Every structure is written in C-alpha cells, then in structure tokens.
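Put the two chains together into one complex; each comes in its own frame, and the hints tell you how they fit.
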Amino acid sequence: MPELTPTGAVDVVQRQVRRVRRRKNLYELQRASYLTIAAAAVAATILLPIALLASTEVFTVTVWSVVAILVGLALVVVGSARRRWLPRAATLAWVENHGALGGRVRTLLEIAARPGAKPGFFHGLLVEQIGRDLDGWTPRRLVPRAIPRGAFAGAVVTVLVLAAVLRLASLALPSAPTIAFSDGPLPGDAPTAGEERREPGPGERIVVAPGVPEARGPAAPATGERDDDADDDSKLTQLSSALQESVRRQVWGKAWERVRDALARAASPRESDHGTPASEIDEETDAETGEDWEVARAPSGELVRRRRPGVGRQPTERGEDGSQKENGTPPESSPTHDQDPNEGGDGGAGAGNGVAPDLFGGTPAERGGDASFELSLAARMRSDGGRDRTPNGPPPEAAPDARPVLAGDQRRESAAHRMMVPASYESVVREVFAHRDADGVAR
Amino acid sequence: MTPAVASAAIVDFQQTFAAIRAEMARVVIGHESAIETILTAFFAGGHVLIEGVPGIGKTLIVRSLAETLNLSFNRVQFTVDLMPADVTGTRIINETLEGRRELVFMPGPIFAHLVLGDEINRATPKTQSALLEAMAEQQVTAAGTSYRLASPFFVLATLNPIEMEGTYQLPEAQLDRFLFKVLLDYPSEGELIRILSTTTVAEPPTVRPVLSADGAATRVEQLKRLVREVLVAPHVEQYVAGLVRLTTPAGARGDGEAETEVRRYVTYGASPRGAQAMVLGAKVKALLAGRPHVTYDDVDSVAVAALRHRLVMSFAAEAAGVTSAHVIERVLIAARRLR
Numbered sequence: 125m126p127e128l129t130p131t132g133a134v135d136v137v138q139r140q141v142r143r144v145r146r147r148k149n150l151y152e153l154q155r156a157s158y159l160t161i162a163a164a165a166v167a168a169t170i171l172l173p174i175a176l177l178a179s180t181e182v183f184t185v186t187v188w189s190v191v192a193i194l195v196g197l198a199l200v201v202v203g204s205a206r207r208r209w210l211p212r213a214a215t216l217a218w219v220e221n222h223g224a225l226g227g228r229v230r231t232l233l234e235i236a237a238r239p240g241a242k243p244g245f246f247h248g249l250l251v252e253q254i255g256r257d258l259d260g261w262t263p264r265r266l267v268p269r270a271i272p273r274g275a276f277a278g279a280v281v282t283v284l285v286l287a288a289v290l291r292l293a294s295l296a297l298p299s300a301p302t303i304a305f306s307d308g309p310l311p312g313d314a315p316t317a318g319e320e321r322r323e324p325g326p327g328e329r330i331v332v333a334p335g336v337p338e339a340r341g342p343a344a345p346a347t348g349e350r351d352d353d354a355d356d357d358s359k360l361t362q363l364s365s366a367l368q369e370s371v372r373r374q375v376w377g378k379a380w381e382r383v384r385d386a387l388a389r390a391a392s393p394r395e396s397d398h399g400t401p402a403s404e405i406d407e408e409t410d411a412e413t414g415e416d417w418e419v420a421r422a423p424s425g426e427l428v429r430r431r432r433p434g435v436g437r438q439p440t441e442r443g444e445d446g447s448q449k450e451n452g453t454p455p456e457s458s459p460t461h462d463q464d465p466n467e468g469g470d471g472g473a474g475a476g477n478g479v480a481p482d483l484f485g486g487t488p489a490e491r492g493g494d495a496s497f498e499l500s501l502a503a504r505m506r507s508d509g510g511r512d513r514t515p516n517g518p519p520p521e522a523a524p525d526a527r528p529v530l531a532g533d534q535r536r537e538s539a540a541h542r543m544m545v546p547a548s549y550e551s552v553v554r555e556v557f558a559h560r561d562a563d564g565v566a567r
Numbered sequence: 016m017t018p019a020v021a022s023a024a025i026v027d028f029q030q031t032f033a034a035i036r037a038e039m040a041r042v043v044i045g046h047e048s049a050i051e052t053i054l055t056a057f058f059a060g061g062h063v064l065i066e067g068v069p070g071i072g073k074t075l076i077v078r079s080l081a082e083t084l085n086l087s088f089n090r091v092q093f094t095v096d097l098m099p100a101d102v103t104g105t106r107i108i109n110e111t112l113e114g115r116r117e118l119v120f121m122p123g124p125i126f127a128h129l130v131l132g133d134e135i136n137r138a139t140p141k142t143q144s145a146l147l148e149a150m151a152e153q154q155v156t157a158a159g160t161s162y163r164l165a166s167p168f169f170v171l172a173t174l175n176p177i178e179m180e181g182t183y184q185l186p187e188a189q190l191d192r193f194l195f196k197v198l199l200d201y202p203s204e205g206e207l208i209r210i211l212s213t214t215t216v217a218e219p220p221t222v223r224p225v226l227s228a229d230g231a232a233t234r235v236e237q238l239k240r241l242v243r244e245v246l247v248a249p250h251v252e253q254y255v256a257g258l259v260r261l262t263t264p265a266g267a268r269g270d271g272e273a274e275t276e277v278r279r280y281v282t283y284g285a286s287p288r289g290a291q292a293m294v295l296g297a298k299v300k301a302l303l304a305g306r307p308h309v310t311y312d313d314v315d316s317v318a319v320a321a322l323r324h325r326l327v328m329s330f331a332a333e334a335a336g337v338t339s340a341h342v343i344e345r346v347l348i349a350a351r352r353l354r
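Respectively, the protein sequence lines represent chains A and B.
Residue 306 in the numbering used here sits at position 182 of the first sequence, with consecutive numbering throughout.
Residue 332 in the numbering used here sits at position 317 of the second sequence, with consecutive numbering throughout.
Just chain B, same shape as in the assembly (with noise of 0.2 angstroms):
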C-alpha cells in the first residue's frame, strides 16, 4: 500500500470519527469523554458497559450513535423476569402457504447491528448469559442451531449503580467480555442548562446519519478493518502485558506503592482480555492522532477505560473506598519504568 493511500485512510478515519461525535453532540449534551470513549470501543470492535444513575443520558447516547452510524437499532429493557429467548430469539411454529407448519426462528432484539442492554444487572444470570455468547461470539444459539449476528455488532450495556435490591451483580467473565467501562456522571451546571434549551423546545435537534444507509456497515467494517492493520511494536506490547502482570497480586512484586495497593486492594487483576482492549483502543486513538503506529500515550489513554471493571477488588478496598480506577491510575505511574 502506498503512502498516500495510507494516509489517506487515515485522514478518512479521523473526518469520519469527528463527523459522528460532531454529530452526537448534536443531541447528547456533555459526555464527550464517554463519547469518544465509546465511539473508541465500537471502532476496535468491543462492547461497552456504561454505569450511570438513571436519567443521564445512555440511551440516548446509544440511539443517537445508531441513527448517526445509520445502523440498526435495538433496545432491550433486562428485568427479573426476562428469558434468554427474549433477548436471542426462539422458534415458533409458523403455518406455510400449503398448510405445513414448522419450526421457524425468530429472531431476538439482539439482532441488530447496535444492541442496547438498558440495566443488564436487573436480569438473571441465565439471561445475563445469553448475551454471553452472542457478545463473545457474535452468534446465538437456539434449539442446537447458531445464528450470525450481522456485522458491525455492538452492544451497549448499562448499569444502574443504585437500586441494587433484586439485581444480579454481573459475573466477572460477562464483565470481562466488555471492551471498555464508562462512568457517565451527572452533567455539570452549564451542561444542563444546554439539556434544558435544546430538549425542551418545539423543534428538538435530531441526528442526521453520517453514513449513507446501504453501505454503512460496510463503511464501519472498513474502519475497524483499519484499526486493526495500525502497527504495534514488540515494546509497546510489551509495556501492555507489563502493565496487565502489574494489576495481579502475583505480578505486583516490587515495594512500590502501586505494588502495595495491588496487593493490599485488588484480588484477581486483569484477564489477556484487558491486554487485547488496551492494544485495540490504542490502535483507534493512534489513527485519531494521525499515526500508523501505537506509543505508549495511547495506551495508557485507554488503560482505565479497559482496566476498571476487570479487576476484582477486595473487601479491604471497598472498605477504604479505594476504587479500581485509582488502583490503574497507580500502575500506570508505576509503569513508566517500563518503557
């Protein structure tokens, strides 16, 4: 591949990125960090986990990333009493036009290119699942016959960090199968009032589709096929799996404080999962500043955002309030001398 055609894809990335947060910003006042963030994920191909009190805005984010990708859209509303069927889909019995009836599939909300999972917790394990496989494996199961999820598939889950009577706590390899974690915190005062002028008007603004309805998941595919071809050098992927082997209690050895605070605060560390996040968001954030290669900085641009909900931490920690994005905040300090 030449260079200018290189740079041009590269050039193409980042005017095709703006345009979508550009345009998400359109409806979805603040939140450009998580934005970014979550534009980020979808682009290296992860999922998102957005943690959030109820009201802030994840829907939305979600919708409004839909309608600008010009890719479908589906919302599924996880309660106590949701079955695996309602999110994969199940067989019914369909009548032909000769009078035979048969087995027909019927596809489940998680069908669709975008899949918003609106307070997964509150499901039961057994639901929670289900997600598992098509999340991991972009494919569902049902009744021994697996089903392809349609490329690009990204699922945006979230959690409400209040009202935790009658929910289920995620299990830590459905936690891990997430790409990145978001906070999203409540607007700032400036914020709202801009929520406040643009929401409450006759004419609320309304996305407009970045990319063209017939090849847009063709066009996303491109892109995520480009982030995968950024280069990684052998010391940058080494600075990862010293950063991962930094968040395990048996990989913290030294006597430096982050050391200390891993094994005093963290029972297991990060999964090769949370390596292969921080390498793929480092690949985007790379294309982002114009370069072929990833450094350092894009790693450690990500390593919260990948890190924070993979590490398990202990009763000591929540007894100290010490939360897993401060822990990663130390390793990355901690790790400069890895480089």
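Next up, chain A with everything else stripped away, as it sits in the complex (with noise of 0.2 angstroms):
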C-alpha cells in the first residue's frame, strides 16, 4: 500500500474508492445476472415437459402464467440490483459506513473537491489517520466474494436440471400411430347411460390407431388439435401454439415432424366428428370420389361404422345401417346422415370390437387369386365407399397438400419397402424371390 502525502493523498483515495466501486457493482451485476439466469431456467424447466406433453390449453396457460411470474421476478431482481447497486454519489457513504472509517475518507474527497479548498490545519492529521486506515477497506475487504455464491449456485443448479430434463425429453418421443387390429371390445369403449354394450357381429372389424388424440397426452399435435375452445384464435394462444411446436421441433428435431404428420393424419376424421357438420363431412367424401376415411370394409362387403370410443354419438342401428350397405346403398345413406349434424360426424376407423384376421379382404385365391392391394405403413385405412365399381373416366385429383413446403422432401411411400441390395447378392435374392411352380421350379 502507498503511503499517503497531504498532496498526493486524494488521488490515491480517490483510486481506491473506484475500485471499491468497481467491485461492488460487478458483484451485483453477477448476482442479478444469475438470479435472472435461474429464473429462467426454472421456468424452462416448468415450461419444457408441459410444451412437450401437454395440450395447447394446458401450454398457453402455464406459459403465460409463468412468463407474468417471470416479469415479476424479473422485476424484483432488477429492484434489487438498482438498491445495491452503488452509484457514484453514494459511493463514498457506503464506504464510510461498511469500512467504519467514521467520515474521514468523505471529508477529505469531498473537501478537496471544493472549488479553492486550501489544505487546513488539520488536513495534514486527516491524511495520516486515513493512511493509516487504509488497509481496513480494500475492495477485498469490504466486498469479500467476487463471486455472489448462493447465486451461481442456484443458476448452476438450475441450468444443470434444465439439461437433465432437456435430455430427457428429448428421449420422450411420442411413436408414431400404428394401426392394430383387434376383434375384442375396444378399450375404454363403455356403454354410455341408455346404451348397451354390444359384441361385435360376425364380420365386423374395427381399426384403432392407439396414439390418437386423446388417447396420449402429447400425441395431439398442435396444428390439428381442436376442441370446444377451438375459437379462442387470438394472438396469445397462437403465440403459445406456435411457441409449443417449436420446442417441439426443438427438441425432437426431425422425428417429431413426422410423428406430427402422422398424428395430424390420423386425428383428420376426428377433427371432422367433432367440427364439421355431417353434411359437410359427406360433401368432402363425395368430392374425394367415394373415398371414405375411418371406414374399414369388411370381406363380406359390409360397410362398418363406428364412432372412436368417447368421441361422438355411436350409432345405434347398426345392423341397419349394415343392410344399407349391404344392399349397396350409396353414402349418402350411412348413419352419418341420419345423425345430427350439430352432433359431428363419425368415429374413427374401424368398427367393433373384434379382431378380424382378413381385415383387409381374404388371401389372393379366396378372391379369385388376382386381387391385390397395397398398404403402406401408418398409412390410414380408406376404402372405395363400399361399392363394387371399375375405375372409370379421369382419375381424381389429389387432395390439396396440408404442408406444401414439405412435398420436395417428402418420401414417396414404397421407399419405405425397398432396400438397397448389393449387386453380389442379386443372384442369390432372385433365387428367393423367383416365383415357383408347384414342382418348386422356377418360372
């Protein structure tokens, strides 16, 4: 430490001061910082789980809930950064209180600064009792830590659970739909008040596509979900939508597109039970050529269906509405014109509870031996409305694509059956695959 001179002494006072200063404000820059960063991540950490798991309604509300307990949180952090932080004027008290100096340093500074002070008879004195002092106040000494502890704990702490929860999540993607098929009643399928439950008739399929909507918490994906609320469109709900989905995407990158796409699919024929008018519903399938999604015809032709269990009206002639089919009726006179159209139109795919092994019409030489069909996987179940017919005048056009942005990239689905062979192998893969005759020769 230099030791003072009446002269010299203000400069190296006034020196020691700034740092003190400096240390003290940089030390309560550090603690805002962290308690500003640990808020944060507190709050990333309540949001992350929610954004992923969570409806739209449930995010919208505790996104905004926690943004206002953020704002105030923020605001009291930075309330109490302006109260400790030490401007210049207040420099000099602080000192003088938290190093006991008993008002000699703030006398001197401030006498000096006087405009024509002249060094008095005591000048000389003061400057000795501070020289002497000076040790007692460094800026070690009346800041000791040059790092807030508590504070950068918690950040740290918080930061390290935010990443433990990011890692999780990010290993809970939701799987894709699958269909399944199952002849046995559906689960959570119970008979409403008035309504008995009913076995599943010879020749009635059902199709559920587990994963659905509702059935799993984060597979409703955020652009096609729609419920009773579904007009609340204002701007902080599409924010919150638009702010879900991109931590979705976020954190689940790639996979979640195309579980999202795949989620969209399969909750398309919900979303029109429960918003579109039945007549609207078949207006869409007349103008799709007959194609009737969420209809799973059965090998004997007739045409089943059935509400998703827990979504809409399930309806209760069945087996009328089976001889309507039967006897070739055109759509127009399924059940989903008999309804209500305030009630939404039908049930997911499939109908009944029981599994059908030939779902999806019998083995080639039950019919006739040249009948053929693809289905690709997670690809949603359709069938022709039910009636026998050639395909006859111009093809149909293809539905307006939901995702445009997407179609240069998008696979087509037989990729997904081809593999990449090599070349030395193709002798021995066209032995396998030859087609036999019944002496086992090949053709």
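Rather than coming from a laboratory, the hints here were simulated on the basis of the structure.
The structure displayed is predicted, hence computed values, not measured ones.
Some clues are possibly wrong.
[Unchecked claim] A short, non-exhaustive set of chain A residues, derived as facing chain B with CB atoms under 10 angstroms:
1) Gly226
2) Ile235
3) Phe246
The C-beta atom is built at its ideal place from N, Cα and C for all residues, glycine as well.
Laid out in structure tokens, this is it:
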C-alpha cells in the first residue's frame, strides 16, 4: 500500500474508492445475472415438459402464467439490483459505513473537491489517519466475495436441472400412430347411459389407431388439435401454440415432424367428427370420389362405421346401417347422414371390437387369386365406399397438400418397402424371391 | 501543519477541557452534562442561556468556570429598574489633575471575560437589548463611541421559569444570540447529599485555576481558534442545513411524524444562527472525540441545545404540552434519511 502524502492522498484515496465501487457493482451485476438465469432456467424447466406433453390449452395457460411470474421475478431482481447498485454519488457514504471510517475519507475527498479548497490545520492529520486505515477498506475487505455464491450456485443447479430435463425430454418422443387390429372390445369403450354394450357381430372389424389424440397426451398435434375452445384464436394462443410447436421441433427434431404428420393424418377424421357437420363430411367424401376415411370394409362387403370410443355419438342402428351398405346403398344413406349434424361426424376407423385376421380381405386365392392391394405402413385405411365399381373417367385430383413446403422432401410410400441390395447378392435374392410352380421350379 | 502538531493540539484541547471540567466538578455537584454543554459553548465562542429554578447552582457554575479559567468575571443581577448604562457603562465627569473636567467612559459590568446575567428576564427590553449588542458584536456603544470588549467574552444568562410576574420574556432576536440553552434540573438525591456534605463543612472545596493568570485569555483564544480549524465536510453541512429546514413549518413538507409535528406545533423554526451553532458545537465535540473532522453524531449531540430556544412553539404545542426539545428529537430521527 503506498504511503499517503498530503498532496497525493486525494488521488490514492479516489482510486481506491473507484476500485471498491467497481468490485461492488460487478458483484451486484453478477448476482442479478445469476438470479435471472436461475429464474429463466426454472421457468424453462417447468415449461419444457408441459410443452412436450400437455395440450396447447394447458401449455398456453402455463406459459403465460410462467411469463407473468417471470416478469414479476425480473422486476424484483432488477429492483434489488438497483437498490444494491452503488452510484458514484453514494459510493463514499457506502465506503464510510462499511469500512467504519468515521467520515474521514468522505471529508477528505469532499473538501478537496470544493472549489478553492486549501489544506487546513488538520488536513495532514486527516490524511495520516486515512493512510493508517487504507488497508482496512480495500475492495477485497469491503466486498469479500468476487462471486455471489448463492446466486451462482442457484443458476448452476437450475441450468443443470434444465439440461437433465432437456435430455430426458428428447428421449420422450411419442411413437407414431400404428394401426392395430382387434376383435375385442375397444379400450375405454364403455357403454354410456342407456346404451348397451354390443358384442361385435360376425364379420365386423374394427380398426384401432392408438396414439391418436386424446388417447395419448403428447400425441396431440399442435396444428391439428381442436376442441370446444377452438374458436379461441387469439394472438396469445397462436403465439403459445407456435412456441409449443417450436419447442417440440427443437427438442425432437425431424422425428417430431414425422410423428406430427402421422398424428395429423390420424386426427383428421376426428376433426371432422367434432367440428364438421355431417353434411359437410358427406360433401367432402363425395368430392373425393367415394373415398371414405375411417371406414373399414368387411370381407363380406359390409361397411361398418363406428365412432371412436368417447367421441361423438355411437350409431344405434348398426344392423340397419349394415344392411343398407350390403344392398349397395350409397354413402348418403349411411348413419352419418341420419344423425344430427350438430353432433359431428363419424368416429374413428373401424367398427366393432374384435380382431379380424382378414381385415384387408381374403387371401388372393379367396378373391380369385388376382386381387391385390397395397397398404403402406402408418397409412390411413381407406375404402372405396362399399361399391364395386371399376374406375372410369379421369382419375380424381389429389387432395390439397397440407404442407406444400415439405412436398419436395416427401418420400414416396413405396420407398419404405425398398432396400438397397448389394449387387453381389442379386443372384441369391432372385433365387429366393423367384416365382415357382408346384414342383418348385422357378418360372 | 504536520500531523504530529495537529494531533498534539487535539490532545492539548482534550486535556484542558477535561481539566476544567474536573476542577468545576469539585464545587459543582452534578450537572455534568450541563457543564459540558456550557464548556462546549464557551470554546465554540458562543453564549449560553441557562434555565433553572433558583438555588440549583447557576451562579456557582459560572463563577467556578471563571475561576478555573482564571478569567475576569462579573455578575449583573437583572431587575426591572436596571438601566442599559448599568450594564454597558456610562460616561461620567472626571476632573483631571489640571482641574479640567472631561467626560470619561466608565465601563459597566459587561466589561469582563465572563458575565453572568442573572434572571435576565426581569430586566426591561431596553436593558436586555443593551446586552444584545455586546453579545452579538462583542462591543458596546456609549454616547456614540464604541468600546471593544475583551476576548474571550462569554455571557451566561439565567432564566427563572417560575415567578413570571413582572418579567419580560426575552425577544426571539435576543434568544437567537445565545449559542445554547441549557436546562438545569434539580439534583438527584445522591447529588443532594454530596452537596450537603461538601458545602456545609468548615473548608468547602475551592476551584484551582487551570490556566495561568497572565496567558489565560490568549490560551483560551488559541483553543477557540483550534475549534474553528476542525474540518466540516459538505455532506455534514448539508445535513445541518436539512436539519434546520426540517424545523421550519415550510421546510417540513413530508408526511412523516416529525414533519407533521413541526407543522402543527412550530410557528417559526430555527434560524441560520441555529445551523452555525450546531456546526460550532459539533466541532468542539469532534475535538473532544479526538477527530479532526465533524461527523453526523457530533451534530446530533448538540442539536437539542442549539435549537431548543430557537423554535417558536404554537399555542397548540403549549396546550398539548409539547416542548421544543421533543420536536427536535423527532426531527433528528427524521433527519437520518438525509445522511
């Protein structure tokens, strides 16, 4: 520590005061930053699982609640930092109080700053006393810690927790919807009041698509979801919805986009159940040249429509419906048209609750040996509306692409069945997959 | 000035002050706080107004102080028929050896280092105002001629709070001339016993001079000058100014308890002389604490004595029994935010 002289004392003391102020303000700045980081990390830790797992409505409520709390916390932190911040004018008083200097330093510097100030009788004594105490109020003594430990630890812990949650969240990608076939009762298909549970009749088939919205929370796609509050298209909801989608995309990446598209496809009929009047559905199906989603066709030709469990109203005259279909009644006569338009359209794929091993028709031998069909994985089932008819006329136009921007990258469905075979295996593959006659001779 | 010399000067001041106080304590039983306040005012260069009932040692304090300092002392008993000339002096016809007659100024009792104006409120305002010039200007004017009073000049006036019949309240302007006002209360039982045991013996204790007779005045002046050298930082001056402003109804604008009381109970607040008195008294306190600079605490320690006689209280205060000291205590608490 340099020895103070009456002439140079002011400069030395001023430098030390500035160093104290710098250290103190740096400390407070760190503290505010760490607290802000901690608060943001806590908020992200709360929001992340909700963004991934909950519905848009829940996420919207949560995100704005968290934002409100976060803003409040930020105000508290800023207010606290402002109170603790050491402005230039208050530095001397703070140094005096915390250094227990008895007003010496403040007196020296303030009198020196006075215009026309001349060293008085006691100036030398004051400088000497300050020089004796100079080591007692160094920046390290007045601000012992360079880093606010509590705030720093809080920030580190919360960030680590966030990282862990992020890691776990990336592993929690929901599975793409699959199509399962079952003759048993549908899970959750409990009969409502006044409605008897009916065992599936022979030949009825059901199609269950697990992973569709409502069956699994995370599977609810942000873009295709709609419920009673679907009219709420406020900016806040749109913003939170976009945020939720962005979070999912960031966390799950390309995988989420595939799942989301699949979920959107699976959810499309349900949407029509809820939001579209039956007449509109019929018009749409007609417009699609008889293609009717969510309708499974039995081997006998019986067309079965059935609501998904818990969705909409279950058709009560199932047999009648079936007979209509058997008689080749066009889709207009299906129960969809008989029900109240306000109650939505038909349910999900399939009808009945048993497993039909021949869901997609009999073996080629049963159907004459020349029939064939293609069903790609994860594709929706479709039928031709129950009519035996040969294609005539121009082919129907494809449905408008929901995501035209992805059209360029979209792979053909058939590509899923292909695989690259090394050329050296060509003879073996041909031998294995060759068509053979009854004697086993390759044709 | 080297730090060693300055430090030695402070020590010398402390020792002198302590010696005077100890010497006075031999004859004045109790009243330690009052004696310290009186000595503080003396070294600060001001005058003191002592208020107390008769017989509690007012005159004894002043006489002991004069004897201790080895300074000249005069006592004036203020009565209703006391004339200004009786205080300041008058011109008389003096016949010289040659037989020539001339007017010569005969100094009054005010021409002394220490003057005790006993029961000053019993004199007429005209006589009281004669004392006014002496206290403020340290000079008296008689027949158009001004006469300088010797330094140090210290007036100690007493007020009797009882027997108000036939008294003249001191005008505010005159009250303002006193640096401090000291209240002398009744001695405690223990002090009373000590008074009895020390004053009723064959050889009561006497005061020994602390300063030598030839250089006492000079020495006191040196000490008073040393007090003036004490450093007062702008932040302390700002604090004092804020404190004085808070005692005025116009300056007490806040909604705090002190401000409300000031507006309700104070008609007129302290004058700039009150601020000067606080700073000068605080300087003495700083030296007594061994510091070359004044702190907030120094100011606070003399605030009541310096301001209590400068506040003109309202009728509401008298009705409610609120004293000026009470208001000042409130103001001191409120003024901490000014630090």
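Going down the list of hints, with the structure as the test:
1. Hint status for Gly226(A): holds, given a least beta-carbon distance of 6 angstroms to chain B, under 10 angstroms.
2. Interface restraint check: Ile235(A) against chain B, minimum CB-CB distance 6 angstroms, threshold 10 angstroms, status holds.
3. Look at Phe246(A): its Cβ gets to within about 3 angstroms of chain B, closer than 10 angstroms, so that hint holds up.
Figure legend: structure checked against the earlier numbered hints; every hint is met.
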